[in-house]
Amino acid sequence: MTSYRLASGGAANRGRSLTFTFDGRTYKGFEGDTLASALLANDQMLMARSFKYHRPRGVVTAGSAEPNALMTIGAGARSEPNARATVVELYDRLVAVSQNRWPSLKHDFGALNNVLSPFLGAGFYYKTFMWPALFWEKLYEPLIRRAAGLGKAVMQADPDRYEKSWTHCDLLVIGAGPAGLTAALAAGRAGARVILADEGFRLGGSMLSESAMVGGMPACDFATTTVEELATLPNVTLMPRTTVFGWYDDMVFGAVERVQKHVATPSPDLPMERLWRIVAKRAILAAGAEERPLVFGGNDRPGVMTAGAIRTYLNRYGVAVGGKVAVFTNGGSGYRTAADLVARGVDVTAIIDARPGSADPVPQGIRVIRGGSVTDTRGWHRIDGLIAERSGFEEVIACDALAMSGGWSPVVHLMCQRGAKPVWSDEKQAFMAPDLGGAFVAAGSAAGFDGLSDCLKDGAAKAHTVLESLGRRALPLALPRVEGEYDASFAPLWYVPGAKNKAFVDFQNDVHVGDLGLAQREGFRHIEHTKRYTTAGMATDQGKLGNINTVGIVAGMRGVSPAEIGTTTFRPFYTPVSFGALAGSARAEHAAPVRTSPLAGWARKNGAAFVEAGPWHRSAWFPREGEKTWRESVDREVLNVRANAGLCDVSTLGKIEIFGAGAAEFLDRIYCNGFLKLPVGKARYGLMLREDGIVFDDGTTSRLSENHYVMTTTTAYAAEVLSHMEFAAQTFWPELDVRFVSVTDQWAQMSLAGPKARIILGRVVQDDISDAAFPFLAAKEVTLRGGLRARLFRISFSGELAYELAVPAGFGEAVADAIMDAGHEDGICAYGVEALNVLRVEKGHVTHSELEGRTTADDVGLGRMMAMQKPDFIGKRLSTRFGLTAADRLQLVGLKPVEADKEIRAGAHLLKDQAKPSLANDQGFVSSACFSPTLGHFIALAMLKSGRERFGEKIIVWDGLRGTEVPAEVCPPVFVDPENTKLHL
Amino acid sequence: MASLITCPHCGARPKEEFSVRGAAMPARPSPMAKDEAWHAYVYIRDNPKGRYQEYWHHAAGCRRWLVVDRDNLTHDVFGVTDAADFVQARGIE
Amino acid sequence: MSINLLHRHVLEDYISGFETDPNPNHVAVSRRPVIFSVLAHRGQETAVAEALGSAHGVVLRFCSPSEWLLVSRTAGPATVAGILSDIAGASFADQSDGRVLMTISGPSVRNILGKCVAVDLHPEVFAEDYSANMLFCHVAANVARSGPDTFEIIVPRSLAGSAFEELLEMGREHALTRGFSD
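Protein chains in written order, with the working numbering: chain D, 1 to 985; chain H, 986 to 1078; chain V, 1079 to 1260.
Simulated from the structure, these hints should not be mistaken for laboratory data.
It is possible that part of the hints are untrue.
As the list claims (entries may be wrong) - With a straight-line Cα cutoff of 30 Å, these simulated BS3-like cross-link-like pairs (lysine-lysine) come out:
#  : chain 1 : residue 1 : chain 2 : residue 2
1  : H       : Lys1019   : D       : Lys870
2  : H       : Lys1019   : D       : Lys876
3  : D       : Lys281    : H       : Lys1034
4  : D       : Lys457    : D       : Lys281
5  : D       : Lys152    : D       : Lys138
6  : D       : Lys682    : D       : Lys870
7  : D       : Lys127    : D       : Lys138
8  : H       : Lys1034   : H       : Lys1000
9  : D       : Lys876    : D       : Lys896
10 : H       : Lys1000   : D       : Lys421
11 : D       : Lys281    : H       : Lys1000
12 : D       : Lys106    : D       : Lys28
13 : D       : Lys896    : D       : Lys954
14 : D       : Lys677    : D       : Lys870
15 : H       : Lys1034   : D       : Lys421
16 : D       : Lys902    : D       : Lys954
17 : D       : Lys127    : D       : Lys28
18 : D       : Lys682    : D       : Lys982
What the hints assert, rightly or not - Ranges between beta-carbon positions, derived for each pair:
#  : chain 1 : residue 1 : chain 2 : residue 2 : range
19 : V       : Arg1250   : D       : Leu985    : 34 to 44 Å
20 : H       : Gly1064   : D       : Pro159    : 46 to 56 Å
21 : H       : His1060   : D       : Gly365    : 38 to 48 Å
22 : D       : Pro576    : V       : Thr1152   : 31 to 41 Å
23 : D       : Leu985    : H       : Gly1064   : 51 to 61 Å
24 : V       : Asp1091   : H       : Asp1031   : 50 to 60 Å
25 : D       : Arg763    : V       : Arg1109   : 21 to 31 Å
From the three backbone atoms N, C-alpha and C, an ideal C-beta is built for every residue, glycine too.
Chain D on its own, in the form it takes in the complex (with noise of 0.2 Å):
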């Protein structure tokens, strides 16, 4: 046995037993432990393999910044790769199995890399694998992502739920140890929104860990009394679980609270995790600091550890890490720790001390090495002796354990996310929080502060300093009386010298002291170029541990001080965060919201399949039984409203009300073409540009009265519509009175078009329709039978007799239902936007697929609407420019095949007769292609290059994705109706 549980200690609950397996073997830990600390009570030191040299690795911390005990959790779909064990809070019938090892933990083939290591050296991969380039992909990448790596993601889909969620506060304390415990105390008695999160399961940071008494009672104690009188502020949230990741801008802190990760069988009703956004206008750092291992050789053999995670296991978990502990320090630390291991009972077999001489207290009857150092280790799956060096002299010392301490580092990352450098400290030897003005400042251990009541007294200090600047002030807190404590001060030691094997400085990539002494010989000198040749600090701890002994190191190389060195760059996240907490509730069929049209239940019901346009469901056609492709309904449809009637839904068109006496001018201005005379009761066709003369959206514009209007705009573009407008108004021309607002979602609007749409319409509608009392474009209230009042425009997309009826949405179902009805005995169908497509192309009316963000009026056949007399209109100026108006722009045409059985498709390009397909030899492009069951082939609408001289050339319509060639007439862009007589019946 080596490393065991105590009879007694800690603050794990003995009372509750909990089950869980590792790599299938069953073991027993008690709540309240961690992964971690249940393994090493069941002497399972071996928890994990390296992941380039498949080295045998232990557990180094006991707590996020483990980088070597990597474990998936979880079973099945809720498998979490690369759980850090020193974090995951034991529950019961965990599951938990070891990661890149084949076939076991113990025996690994993968060890062979180990044996190759002197080839496998920094940037190894880029100078072996160069070529040939083509084995890179297929060969080199597969084979090396196998021997190399971490867990593996599963490929189900994730059951559990997960949520986001926004909360403000006065002030956010991040980190619940000595510090934040005062600040938030200190704050929460003030009466200040506060929030206090920590990442562990249980508040109290490094005081659950410490054997220091305070106030009276053991330091524990002392902070679950803390947090017990936190809990009962109703102005104070405790956030246990919630890791605060990430600083963004204008005081958001991002954090994730691991709701339920500690759960045998989670809730179905509650988030497995949960995503904060925490709006704090004040916060501190009260993160603490980091126990840097010695770069020593052999300093990855499990069973090396640092001391306070030593500390950690054995007070507060009662778990003592070996039976033969040997200590490897060059500050207070490792002293402390051989206190609380003799004390405990357990046998400390020497103290090795870099430094010549120290006034730590030795504990009694313990051997101090004074000036020593360790050049290698000896063990294989644990650690089983050391060989300890003083001035010249080697020995071996036997242990199954070793507690490294090289000093503290704050843990300033998150106030280093937002470009701020962390601060070097040539007194504190460490890089320091960088002043931020105030609004986020570092506290106790995180602000460089070594002992348990300095760290004490100075988060209350900084709760006081950030309420006066909140302008709140607090009463002075009684600080606790602190017995036992120790100095933590350190003589900084990068490297050890001599040593008998690799000494490792980032654990988890594998990355040695021999590797930075290449990067700075073959160039790569920068610290950011360091980092990235060797990969020291980028793994999944992102190098919390070795990043700062890398800068070390590379200062010492160097010859320089590590400030010079600076340190890489900090982002988010401070540890990892799940896709799933990322995503919240936004994934399948909630990735975004829908809209949905008033009409979609009378789609439904008339059996339509819908198509997705922007956040709409549309109704796309309405296929009947026998129809076996969509073409055949389309077809039906488009045949059924040319001859009979057809109704469908433009209720997603945007709808915006426009009010005021400037309001002829604001559209006079806004539209191209002329609207000042646009008499009541009549709608009109709109095209606006954008200010550089390029087309930008249509619709129609219908005036109720004399001031005040209603304008319908592309389903697309309805929000750009009302934005453009909106800003115009309020830039522009701020002297017109004119107010808008959208109502889009207020109207159910259907078009019913064909020859007997009037009949069928006057049965719906009380008032007169005929062609005398509302001709083409009429657009007024009207009174449908049964009293509903409702809105009637003349206007057609088709070509045919029509007209668009919007009703308020809640009636538009019933509406839709008995214009159906009332249309019953004439053949009236649904139809859809794929049958309004075609519609349109026949009758050569565009859309977006040709007001395309390119093409002028003119281009599209539409330069005579521009009212050019008009003394402003927006994109008026831009419009004359010589490259909006040269003669070989691309111009509307139409196109039919000269063979009728052949097919032209949208996006295929145009060449002329005999012409190969080349970019100078292109001529234009189809942009919109259908078949027209009108005329029985295939039609289109597309721009050629000075096309409408050109009606009557054969050109060749090249697809070279389907690789066709179509031989097709150039033809005027429309096929049906040119007379528009049918507008007019």
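With chain D held as given, fit chains H and V onto it using these hints.
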């Protein structure tokens, strides 16, 4: 993750409520202005690193156009005004 | 011939059949509230706001310095239109069919709404009778506090289904129930 814009009408709001149109400085020239003025207005924008005034539309809020005065490097926001007030002030200058 | 037209609420399918006895946390959807958009014309903003503020039987929801929603559960649309016609400098449009009004209440209401909106709803910041437009479950909406633990939310009809589903999902951990209020 997030950043906030303080709308003068609605208060602090996440950037998702807004859409950005670009530089606020150039005023729309008069219809009679020279070609160069129109060309500059439609196409030419400074692209400074640092402090910048931009049109932002509070599309999911009050639907007012705003002028956000901010540093595009640090995202420090120095002020947010209603675009109508901004235009009026520019007119007076 | 007279046609009998049935009015249909857009959330009918989301509520009918799911109605239970309301839990402490409950969302109630109004079947046929009267909702008008009111726009103040240039220079008339203050006068219109004052006139709207003194109107009876209606509540006012702030949208922008020149735009409000006027909501009534008691007066009919003609009555509200009548009130509005009498206000000089105001234009208005009936949105009763274009907006969905829901009232969410209960002890956990702020926790639930924290997952729906980014705005601080603490009573010191977002007091009773305060209202504003904001994103609610990714949808542009108007949110008002009508009581210590009660909020009224107005969403566009076409997006009401999406927003309502999301709200229910966010209310799951607090056992949020749903129903029509009338």
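Results of checking the hints against the structure:
Among the hinted pairs, Lys1019(H) with Lys870(D) is consistent with the structure: their alpha-carbon atoms are about 18 Å apart, no more than 30 Å. For the given pair, Lys1019(H) sits about 13 Å from Lys876(D) by alpha-carbon distance, which is consistent with the 30 Å threshold. With a C-alpha separation of about 27 Å, the suggested pairing of Lys281(D) with Lys1034(H) holds against the 30 Å cut-off. With a CA separation close to 22 Å, the supplied pair Lys457(D) and Lys281(D) stays within the 30 Å bound.
With a C-alpha separation of about 20 Å, the suggested pairing of Lys152(D) with Lys138(D) holds against the 30 Å cut-off. Our distance criterion of 30 Å between C-alpha atoms is met by Lys682(D) and Lys870(D), whose separation comes to about 21 Å. For the hint linking Lys127(D) to Lys138(D), the alpha-carbon distance of about 17 Å falls within 30 Å, and the restraint holds. For the given pair, Lys1034(H) sits about 20 Å from Lys1000(H) by alpha-carbon distance, which is consistent with the 30 Å threshold.
At most 30 Å may separate the alpha-carbon atoms for a hinted pair to count; Lys876(D) and Lys896(D) exceed this at roughly 34 Å. Distance hint between Lys1000(H) and Lys421(D) is fulfilled; the C-alpha atoms sit about 26 Å from each other, no more than 30 Å. A distance of roughly 18 Å separates the Cα atoms of Lys281(D) and Lys1000(H); the hinted pair therefore holds under the 30 Å criterion. Pair hint Lys106(D) plus Lys28(D) holds up; C-alpha atoms about 21 Å apart against a cutoff of 30 Å.
For the given pair, Lys896(D) sits about 10 Å from Lys954(D) by alpha-carbon distance, which is consistent with the 30 Å threshold. Of the supplied pair hints, the one linking Lys677(D) and Lys870(D) holds, its CA atoms being roughly 12 Å apart against a limit of 30 Å. Using a Cα cut-off of 30 Å, the hinted pair Lys1034(H) and Lys421(D) holds, with the two alpha carbons roughly 20 Å apart. For the hint linking Lys902(D) to Lys954(D), the alpha-carbon distance of about 14 Å falls within 30 Å, and the restraint holds.
Among the hinted pairs, Lys127(D) with Lys28(D) is inconsistent with the structure: their alpha-carbon atoms are about 48 Å apart, more than 30 Å. Between the alpha carbons of Lys682(D) and Lys982(D) the distance comes to roughly 19 Å, so the proposed pair stays at or under 30 Å and holds. Against the hinted window of 34 to 44 Å, the Cβ-Cβ separation of Arg1250(V) and Leu985(D) comes to about 57 Å, which falls outside the hint. Range check, Gly1064(H) to Pro159(D): about 48 Å between beta-carbon atoms, so the 46 to 56 Å window is met.
Taking the beta carbon of each, His1060(H) and Gly365(D) are about 60 Å apart, not inside 38 to 48 Å as hinted. Distance hint check for Pro576(D) and Thr1152(V): the Cβ-Cβ separation is about 55 Å, which falls outside the suggested range of 31 to 41 Å. At about 60 Å, the beta-carbon gap between Leu985(D) and Gly1064(H) stays in the expected band of 51 to 61 Å. Between Asp1091(V) and Asp1031(H) the C-beta distance comes to about 53 Å, which sits within the given range of 50 to 60 Å.
For the hinted restraint 21 to 31 Å between Arg763(D) and Arg1109(V), the CB-CB distance of approximately 29 Å keeps it satisfied.
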